[in-house]
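S.K.: Produce the complete structure using the sequences and hints provided.
With the first letter of the sequence shown counted as 1, position 5 gets the number 846 in the working numbering; the numbers rise by one all the way through.
Treat the hints loosely; a few may be bogus.
[Stated by the list, open to error] Straight-line distance between alpha carbons at most 25 Å, and here's what the computed DSS-like set of lysine-lysine pairs gives:
{"id": "1", "residue 1": "Lys878", "residue 2": "Lys867"}
{"id": "2", "residue 1": "Lys867", "residue 2": "Lys948"}
{"id": "3", "residue 1": "Lys878", "residue 2": "Lys953"}
{"id": "4", "residue 1": "Lys948", "residue 2": "Lys878"}
I should point out that these hints are in silico values taken from the structure, not numbers from a laboratory. Remember, it's a predicted structure, so these values are computed and weren't measured experimentally.
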Amino acid sequence: DAFINETQARLAEAGIEVSFVENKGKNFWAGVDPLRKASTANFPVYGLVLLLSLVWVIFIYLIQSKRDYAILRALGVTQRSANRQLLMPFLLIGLLSILVGSVSAWKFALNKAAESLSTLPLPSGVAPSASLPPGILVGLGSGIFILLMVLTGTGIGLIARRSVFELLQGKNGPKVMIQ
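M.R.: This is how it looks when you write it as structure tokens:
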């Protein structure tokens, strides 16, 4: 309104009539702000759930594989080779799981975003777009895989520091102190 009051007389002299068309912009932002706030609040929660899920799955895998690792080491396999034999199957399964899960979650999220955007009051002549560049999917999937590698490598490193005798004895066996 201030712009119209300032310039209307000067533009009228030039033969130009100034008027603004209502474009429902305020309604659009009233609908978008709750979505933006919800996504900002949910990001740390989903990140924590992802981290806890990865730690839990890695923990279960390493608990089940600890005795196999100890047997490999007792048979004379080098620590590096035993670590690799413990790591590779898990990373292969993890990579496939991340690929399938990421692509299906990506499609689901984009469909839900399109549904949410279709209900918003939009400015005149504006069509909603619920698409994102595929590079974001690749980046997120790569980040999750790197996190999986780091956490699994850390867990294997913790197992590798323990003595072969202790690993073979299991949880209930007497502890052997090696000096």
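S.K.: Is the Cα-Cα distance between Lys948 and Lys878 25 Å or less?
M.R.: 22 Å, holds
S.K.: CA of Lys867 to CA of Lys948, is that 25 Å or under?
M.R.: Answer violated: Lys867 to Lys948 is near 30 Å, above 25 Å.
S.K.: Against the 25 Å threshold, does the CA-CA distance of Lys878 and Lys953 hold or violate the hint?
M.R.: This hinted pair holds, its Cα atoms lying about 16 Å apart.
S.K.: Mind checking the alpha carbons of Lys878 and Lys867 for me, to see if they're no more than 25 Å apart?
M.R.: Distance of about 17 Å is within 25 Å: holds.
In this structure, the one hint that does not hold is number 2.
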